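*Asks:* Chains as they are written, first to last, in our numbering: chain Z, 1 to 207; chain S, 1 to 728.
These are calculated hints, taken from the structure and not from any lab test.
Treat the hints loosely; a few may be bogus.
Stated by the list, open to error - Each computed EDC-like pair below joins lysine to aspartate or glutamate, with the alpha-carbon atoms no more than 20 Å apart:
no.: 1; chain 1: S; residue 1: Lys687; chain 2: Z; residue 2: Glu61
no.: 2; chain 1: S; residue 1: Lys98; chain 2: Z; residue 2: Asp163
no.: 3; chain 1: Z; residue 1: Lys179; chain 2: Z; residue 2: Glu39
For clarity, every value in this text was computed on a predicted model and none was experimentally measured.
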Amino acid sequence: MPDHMKQRDLLLFYAELYKPPGDAVYEVISHPDFRTELEQASGAALNDCCDLPSLSSLKEEFRSLFSSSSQNGISLIESFYKPWTTDQTAALPFAQSKGMMMGDPAWHMRYLLEEIGLNSSYDPMFYPDHISVILELAAFLLEEQETDKFTLLVSQHLNWLDDLVEAIRKQKKDSLYLKLTELLNKFVNEFTICNQSFDRLKEDSVC
Amino acid sequence: MLKPVSRRSFIKASAATAAAVSLTSFDMHSWMASASADEKAAISKIPTTCNGCSSQCGMIAYTKNGRLWKLEGHPDHPRSKGTLCARGHGYATLIYSKERLEQPMKRMENGKYEPISWEQAFKEIGDKLKEIIKEHGPESVALVQDPRPTGNVYATRFIKALGSPNYYTHHVACNNSRDTGFNHTIGGVPSADIANSSYIMFIGRSYGDGIRPSSMSALAQAKENGAKVIIVDPRKNNTSPFADQWLPIRPGTDLALVLAMAHILIEKDLYDAGFIEDHATGFEEFKKEVKQYTPEWAEKVTGIDAQTIKTIATDMAQLKPKAVIEQSWRGAFGCNYKNSTETGRAVALFNAMLGNIQQEGGYIFGASAGLGDLDPDQFPAPQEPDAVKDGEEDFPLAPRGRGVANIVPLRAKEGKMKAAFYHHSNAALGYGNPEYYKEALNEMDLVVTIDVQMSETALLSHYVLPEPSYMERDDAVDGVGGGTAAVVLRQKAVDRVHPNTKPADEIFTELAKASGVGEYFTFTLEDYNKAAVEPLGITMDELREKGSIPLEDKKAEIGTVPEFNTPSGKVEFASQTFEDAGFNAVPTWIPPLVEPKNGSYRLTTGKQAIHSHTQTANIPMLMQITKDYDLERLWMNRQEAKKKGIQDSDLVEVSSDSASSTVKVKLTDRLHPETVYIPSHYGITSKYLTTAKGVGFSYMEHVPFHFQPMSGCSMIHEVIVDVRKVDA
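With the hints as extra help, turn the sequences into a complete structure.
*Replies:* Dropping the structure here:
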């Protein structure tokens, strides 16, 4: 399998990982070759981790870490980690604040999904800048071999994973989700360290 | 191997292609710059109403590409008049808050909440409700809300359809005592014509703290006209910049002050005898009663010197009818003391003695909008339940429509109330002692909360049903009474951020269907709204475009005294209704229930201009103002603090028979020495509200669960506390 397709599958795996866990994702992480294939696809090493929890424990761990029905649930929404808007014409007192939904990233993601024709393909109960939606769009771009667009998307819409890793670490240091998110972050950082922008891509399409 | 069975992979979307979007548009920075530059084309202007407090001011929401962009006060709304307060701007943040309820939730056996589908929620609630009604009767079900337009239509109809009379509102912890006093005396609660008044007394009410923009501008206008303003309050509140005089009254003795002022009007023959002759009954009995309430007597009770009382009463009489004691809301006598209803009666009667009713600068009964209703032939309405509302027999004087909401936990503990719905209401923290509420609601078989955030009441519920915020939904048409009545509409300004929320009209309709009474809910919100505006000669299209429309043919008639909505049709200085209920026919001095002594204090509370009840405490930008200025601190008189070795910003323990709290202290000369004061917006305990949790404490934790004898109110200032430095 070509590398870009391995990376596509890696992203699709992660897209499922950040949804309430079911049999399919559990089957993947409990496979004996899981760690090897994950590290190969991501080009990075997985930090040593805890024992594999049972599916029911994984479900409870997901609920306690990420569910909105959980106290102190960690957000998996990009907007939450960034200023609500960079548009200086916004006259609301909270416009530049962090910690809110439907910020610029959500607006941009919704635009991309609509323009590409994917808006009807994702569950309307998901937010446009939910990490799973971003990862699925990234996987789609790899599938289409739209490398520059993939690089822009990952570098601009997944450049908040440091904060997500830190939020998980604060709540549960020995979480499987922490180790897996750290690995995703390493993978993504390969694209974000260049602080990619369209202008930069025009000058030098390879980082 | 890595690729799991994807539940919603985009790869399957065959028609989709990334080529449809340019590389430039994929760059968020470039795209944002381009989209932002397209400002004019993308901005929409939607007139709607605020929900930052009960005033529900009109506002204009500007949206850009479906997101909120700017807010301003609606110029035609009678309460905003073009201005929006800090709460209004700040509370709008709720739309984009992470800590909103996003989906229906059920409390599981382990006490944790799990998301469930709407279908499951409606079915389980409906089945349980039918079971409860079958076994215990519809009287075992109650519905409580802080009323808003859609709830006024749907929630009231829902509980009635179930056959239960038990509908209650938040007024039990707000202004029910005042209204009980006013209703049985002058037949309702008018509004003071502040802008045109020459002499204004505020008793506990502070426009500078419980802000309504139109009230502030009216007061500013009165001051420009040279009006004299007196503040009667144990605390020099934030209306004081407008005041000529602050009377730091001993808490709970406002009744004595007003009775003594009435005494002066009678003794000096300064009252409006013509008005009394034509429009009042029972005045001779009242005269006999107030003879004993001399200013000298009142001085001993209130701490305000007798000469000041005489001067103010005389000055007000000289300026009548353009002199007024403002009617207040919760203020000092909305629900605070054992004597609050009597204070309400005395205030209403003092104004009547000034002959200011329906006179410029006095008390004005406003015009009502006169909305229409659904055609019962087309949409059959449920019958009025046969049973009497629980609490009516215990508190026959209390406003009947609103009831006494704290009856619900009382009856729950007695095993009589089995199910309760709480809509837009944090009763468990705001209406009565939280510990009592917790024990009581845990006794019930079914508690359902409908709200936008995980409040303390939601955390005591079996089911929690999420509404969209007020900016994301359409509401029922509402009428605003006043000098010129208006018809107003809250309408959706932005798309729903959380798609799995439902507005109250849909929730109550589905609950009714699941409970077997769906035949009363065959109409839509739009059907109701059309019926509401029909008698006004206005279309919904017009109302949607304007948001707030003054009704020029619905104006209060100034100068003509109306027939009063009392049994006699007159102002009742002596009330047979009160006597029949076992109370004195005329207002009589009643001391507060409890008194501080030996270095203890009365715990008092009040509003701050940046918060509303406890609903705004979790708004980060509003809470940040609290934190920046340490607004959650306990106020304490500087000299009293000195006696106890307490210094400014020390951590103190506040203890009562009910609870113990720690908080920082603010030392001030602006407070009566017998009281300590805590703002009413803090003490959130819900772990789901991380911005608010742990800031300050709730006064209600210290208030015993008790009922004011006349109105059933919570008597929130009838609590004595000790204060000590924590490390002392």
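*Asks:* Which of the listed hints are not met by the structure?
*Replies:* Nothing - there is no hint that the structure violates, so all of them hold.
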